[in-house]
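Asks: Okay, here's what each chain looks like letter by letter:
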Amino acid sequence: MVHSSPTTSYPGQCCFRASLDRNATFCDECGAPLVRCMATDECGGLLDETGRCPICVAPRMSLDAGSASSVRVGGTLALPLIVSNASPVGRPLFIEEMWIKGDDSELRKVELPFQRLNSGATGEVGLRTGVMDTAGLHRFDIYVVVATRYLWREERYAFAASIAIPVEPEGPSEIIQNYNIQADAIGAGMTIYNPTRIQKEREAGIATHAEPIQLTLRRADTLERTLGHRGYDGRYAVPRFTNFVWQGFDREQAPLDGPIRTATGVLSVGRASNAPEVGLNDVRLLISQDGKIDETTSVHISRRHFQLFIQNDRLKLRVESQNGTRINDEAYRRGAVLTLNDLDVIRPLVRNPEAVSISVRFEIQHDEVDRIVLRRRVGTQGSLS
Amino acid sequence: MASEPVILSDPRMLAEFMRQSEFRSFFEKRFAVPPDYAALLFKNGQLIDAFKGGHFSVGGVVDKLKGLVGGSTHIGMMIADLKPFSVQTALKALSRDKVEVAGVATLELQVDPDKPSNILGMMHGVTRSGVDPETPGRKALSKADVLDRIRPHLSDRVFEAAIGRMDAVEIRGQTGLQDMIQADIMKEVERLAGDLGLIVRAVSIEWAMNADEVAEMQRAEADRRQDALDHQLEIIKREIQREQDATEITLKSQVDLAKLQNASEDELKQMALKSEIEFLDARESAKRRQELDALAHEISTLEIERKARFDDALATARNESDLLEIRKRQAAVERDIALIEQNRADQMRKSGAYTEVEITTAVQKQQADHIARLQEIEIRGNEAEANLTIRMAGAETQNQISLMDAQTRGKTSEINAFKNMSPEQILAINAGLSADVAQVLAEQARAKSVSSAETMQAMRDMVEAATAAQIRSEEQAREMFRMGMDGAIGVAHGAGGKEGGTSSVGSSSATQAAATIECPKCRAVNNAKANFCKQCGHKLRT
Numbered sequence: 256m257v258h259s260s261p262t263t264s265y266p267g268q269c270c271f272r273a274s275l276d277r278n279a280t281f282c283d284e285c286g287a288p289l290v291r292c293m294a295t296d297e298c299g300g301l302l303d304e305t306g307r308c309p310i311c312v313a314p315r316m317s318l319d320a321g322s323a324s325s326v327r328v329g330g331t332l333a334l335p336l337i338v339s340n341a342s343p344v345g346r347p348l349f350i351e352e353m354w355i356k357g358d359d360s361e362l363r364k365v366e367l368p369f370q371r372l373n374s375g376a377t378g379e380v381g382l383r384t385g386v387m388d389t390a391g392l393h394r395f396d397i398y399v400v401v402a403t404r405y406l407w408r409e410e411r412y413a414f415a416a417s418i419a420i421p422v423e424p425e426g427p428s429e430i431i432q433n434y435n436i437q438a439d440a441i442g443a444g445m446t447i448y449n450p451t452r453i454q455k456e457r458e459a460g461i462a463t464h465a466e467p468i469q470l471t472l473r474r475a476d477t478l479e480r481t482l483g484h485r486g487y488d489g490r491y492a493v494p495r496f497t498n499f500v501w502q503g504f505d506r507e508q509a510p511l512d513g514p515i516r517t518a519t520g521v522l523s524v525g526r527a528s529n530a531p532e533v534g535l536n537d538v539r540l541l542i543s544q545d546g547k548i549d550e551t552t553s554v555h556i557s558r559r560h561f562q563l564f565i566q567n568d569r570l571k572l573r574v575e576s577q578n579g580t581r582i583n584d585e586a587y588r589r590g591a592v593l594t595l596n597d598l599d600v601i602r603p604l605v606r607n608p609e610a611v612s613i614s615v616r617f618e619i620q621h622d623e624v625d626r627i628v629l630r631r632r633v634g635t636q637g638s639l640s
Numbered sequence: 046m047a048s049e050p051v052i053l054s055d056p057r058m059l060a061e062f063m064r065q066s067e068f069r070s071f072f073e074k075r076f077a078v079p080p081d082y083a084a085l086l087f088k089n090g091q092l093i094d095a096f097k098g099g100h101f102s103v104g105g106v107v108d109k110l111k112g113l114v115g116g117s118t119h120i121g122m123m124i125a126d127l128k129p130f131s132v133q134t135a136l137k138a139l140s141r142d143k144v145e146v147a148g149v150a151t152l153e154l155q156v157d158p159d160k161p162s163n164i165l166g167m168m169h170g171v172t173r174s175g176v177d178p179e180t181p182g183r184k185a186l187s188k189a190d191v192l193d194r195i196r197p198h199l200s201d202r203v204f205e206a207a208i209g210r211m212d213a214v215e216i217r218g219q220t221g222l223q224d225m226i227q228a229d230i231m232k233e234v235e236r237l238a239g240d241l242g243l244i245v246r247a248v249s250i251e252w253a254m255n256a257d258e259v260a261e262m263q264r265a266e267a268d269r270r271q272d273a274l275d276h277q278l279e280i281i282k283r284e285i286q287r288e289q290d291a292t293e294i295t296l297k298s299q300v301d302l303a304k305l306q307n308a309s310e311d312e313l314k315q316m317a318l319k320s321e322i323e324f325l326d327a328r329e330s331a332k333r334r335q336e337l338d339a340l341a342h343e344i345s346t347l348e349i350e351r352k353a354r355f356d357d358a359l360a361t362a363r364n365e366s367d368l369l370e371i372r373k374r375q376a377a378v379e380r381d382i383a384l385i386e387q388n389r390a391d392q393m394r395k396s397g398a399y400t401e402v403e404i405t406t407a408v409q410k411q412q413a414d415h416i417a418r419l420q421e422i423e424i425r426g427n428e429a430e431a432n433l434t435i436r437m438a439g440a441e442t443q444n445q446i447s448l449m450d451a452q453t454r455g456k457t458s459e460i461n462a463f464k465n466m467s468p469e470q471i472l473a474i475n476a477g478l479s480a481d482v483a484q485v486l487a488e489q490a491r492a493k494s495v496s497s498a499e500t501m502q503a504m505r506d507m508v509e510a511a512t513a514a515q516i517r518s519e520e521q522a523r524e525m526f527r528m529g530m531d532g533a534i535g536v537a538h539g540a541g542g543k544e545g546g547t548s549s550v551g552s553s554s555a556t557q558a559a560a561t562i563e564c565p566k567c568r569a570v571n572n573a574k575a576n577f578c579k580q581c582g583h584k585l586r587t
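Top to bottom, those sequences are chains Y and E.
For the first sequence, our numbering begins at 256 and goes up steadily by one.
For the second sequence, our numbering begins at 46 and goes up steadily by one.
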């Protein structure tokens, strides 16, 4: 991890204090980079170590009051779930998918009747378990994939909750089981019950509950990757803390090496000169060599040519130039959002692809990309040659 | 799965068999018998057990399968109400005085909750066919059945025996008798059906009217009627008497009064017959006389009232005329006094004494005023002088206090300033240099030396040089070091040293510089307390 050994888990209180300064990109107390939420203008939040803004993404799930919590063998159980958005700042949450998984069964997708949950809103989902074949305690995992959106960007996260349901054996059908019991033995006074059944009911924690049961939602990061919501096909992920290394750029045209530190988390790359003042992010892209600028060709680079950002643990590029941009050999129009892979080459000038290119190289440690090296190459056929 | 409640089909029933068909179903069935019912379970006609209330589950596929394999099992269940119930029966008996006595006995009965299975003993005539509509098979025991069984045993053994010991009129309200009957009935039912699980909780009897009571009642009625008549007679008598007392009779007669007075009643009757005397009813005239008397009384009252009012008015008038007279006299006296005073004043003026006295008094008064004014001016002058002296002394004291205060404050601030300073700075300040200069010297001394002893020595040298060069501001000090220690002399002027004012400007910029710190890597301005650069994350402190 990039940030220099914070004493407490990131983000600490000092980081939130430091983030109040809009221009600050590092915490001046613990030195951790301030990785802001993409919707920082609305929520003012910082991403936690798992890349989630706890202010924007705060789903809650509970089992509705009155739902039965035990079932007999051969039966199915309906679980009335309540999903709510507990964001305190009015950010909507989008429930993208919901899955249920029994003990040994496959993941089963649940049809959702709603998607958008405004802050404080709740939605109800009825889940149906499969047929319970065996008695005992069965566990059901419920996965919910939520998304938070800001402008054209979207971050998805998966959460998991589990419910344990006791399944009772088949009920007694012979009367003989009933009348050889004594009322005094179970202390029920005048009324006679089947003590074996009472015992089972107690074990099963029978009965419907009067209040909703809050389910604990845990982040399911593996599932996010296997379901393809985050990362690169389950192979590796580019977290927001990934370091960017700028190579081949002239002095003061690229930001300092390190994670993206702009408030919105987006790096603009283009001809604009307002960008890379010392330490600040944004990249100035010119066709230059050793300080000599090829103005004729550089004019073809838009002031804001494309944007780089990390979304869903992937390095993304959004084409901003009217003239489009070429990735590898494919040209893309303005507004296209692409995922950049290892060894991709960005060629900003569609008509003169060799004039300047930026190669992308991932340095991976375990299953996380530790560094992304962006190397600018100025073509040989330009007038600078 | 919810249980199906099992209760009796009719509230008049006491016990009932459940139909076999109710048990038959493909799925398992659950029954709930309330705790105030006894449930008797039979299997293949044999009583298995009896419960007070309970939940039972019957049937189901497994049961059915079992039936196929091992032959079917007949399950029967009977339920009996364990709550007390009341039945009523009419009774008739002869009292000791041979009067027929009738009544209704109310019996509170209950199936013994401790032995509910014994109820089976009462279910005589139970059939299980139930197909013949003429003689419908009884699968139940009603409350009336119970009464039918015990009634014949009660009439002679209990009621006749008990009532025959008493006279008819004594029976009503006799709780002793009721208790005795209850005890007898209990004994009897215990004898009869105790082992059948029937107990008597209470017995009460409501008696009908017997012949003796009716006669008694009629006699009492006749007495009451006689009393009422007597009372009415009494009232009429009293009215007649009153009329007699109020009647005046005028005797009109032509015979001699003495003769009349002496005449006996018979003679008077005789006279009346002969019309010698005539009785006249004088009741009307008496009434009129009474009215006239009342009128006369009212007139006299009015007369007295009017007279009194007239007297009062008269007295008031007299009083007012007296007052007028007195006022007249008073006015005359006042007029006389004024006249006398006028005369006296005229005489005084003539003698001239009045004027002289007046002048003397006026002169004396004038002199006194004059002296008083002079004295007042003098006092005021003295006061002003005294005030001036006091004020002068006060101002002097205040000046001294302020001076001392300023000195103290200076000292305090010096001490405070020293508190945050290094020994090198204190050394420089004690040598008469400004705080900014001292800071520069201290920085330089530390930079040049290795140990603290060396630092202090270097500091001493620098202080000496700076004092000689009359360094007063931070710029001058920095200039001095830029030019080198040797050429320090004259730096003060060379650096454009301005006297006085510059030192304050220099100190404010120094304060600002102290609050922030510049990052050596990215040159971003950071808070002096920052551990890391907020712009590039560079570590600012070791």
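Hints were generated in silico from the structure; no laboratory data involved.
Note that the structure is predicted; figures quoted are calculated from it, not measured.
All C-beta atoms in this analysis are idealised placements derived from N, C-alpha and C, irrespective of residue type, glycine included.
Among the hints, erroneous ones may be present.
[Unchecked claim] A few chain E residues that don't get close to chain Y, going by computed Cβ distances all over 10 angstroms:
| id | residue |
| --- | --- |
| 1 | LYS188 |
| 2 | LEU359 |
| 3 | ILE435 |
| 4 | ALA575 |
[What the hints assert, rightly or not] Label pairs and their computed distance ranges (CB to CB):
| id | chain 1 | residue 1 | chain 2 | residue 2 | range |
| --- | --- | --- | --- | --- | --- |
| 5 | Y | ARG272 | E | GLY455 | 55 to 65 angstroms |
| 6 | E | ARG246 | Y | VAL328 | 24 to 34 angstroms |
| 7 | E | ALA560 | Y | PRO343 | 48 to 58 angstroms |
| 8 | Y | TRP407 | E | ALA560 | 55 to 65 angstroms |
| 9 | E | ARG491 | Y | ARG272 | 26 to 36 angstroms |
| 10 | Y | ILE468 | E | ALA560 | 52 to 62 angstroms |
| 11 | E | VAL132 | Y | GLU466 | 50 to 60 angstroms |
| 12 | E | ARG491 | Y | ARG589 | 53 to 63 angstroms |
| 13 | E | ALA560 | Y | ARG474 | 36 to 46 angstroms |
| 14 | E | LEU237 | Y | GLY391 | 51 to 61 angstroms |
Asks: Are the hints correct? Go through all of them and say.
Replies: Evaluation of the provided hints:
no.: 1; hint: LYS188; verdict: 22 angstroms, holds
no.: 2; hint: LEU359; verdict: 102 angstroms, holds
no.: 3; hint: ILE435; verdict: 61 angstroms, holds
no.: 4; hint: ALA575; verdict: 4 angstroms, violated
no.: 5; hint: Y:ARG272 - E:GLY455: 55 to 65 angstroms; verdict: 39 angstroms, violated
no.: 6; hint: E:ARG246 - Y:VAL328: 24 to 34 angstroms; verdict: 50 angstroms, violated
no.: 7; hint: E:ALA560 - Y:PRO343: 48 to 58 angstroms; verdict: 35 angstroms, violated
no.: 8; hint: Y:TRP407 - E:ALA560: 55 to 65 angstroms; verdict: 42 angstroms, violated
no.: 9; hint: E:ARG491 - Y:ARG272: 26 to 36 angstroms; verdict: 33 angstroms, holds
no.: 10; hint: Y:ILE468 - E:ALA560: 52 to 62 angstroms; verdict: 55 angstroms, holds
no.: 11; hint: E:VAL132 - Y:GLU466: 50 to 60 angstroms; verdict: 52 angstroms, holds
no.: 12; hint: E:ARG491 - Y:ARG589: 53 to 63 angstroms; verdict: 60 angstroms, holds
no.: 13; hint: E:ALA560 - Y:ARG474: 36 to 46 angstroms; verdict: 42 angstroms, holds
no.: 14; hint: E:LEU237 - Y:GLY391: 51 to 61 angstroms; verdict: 59 angstroms, holds
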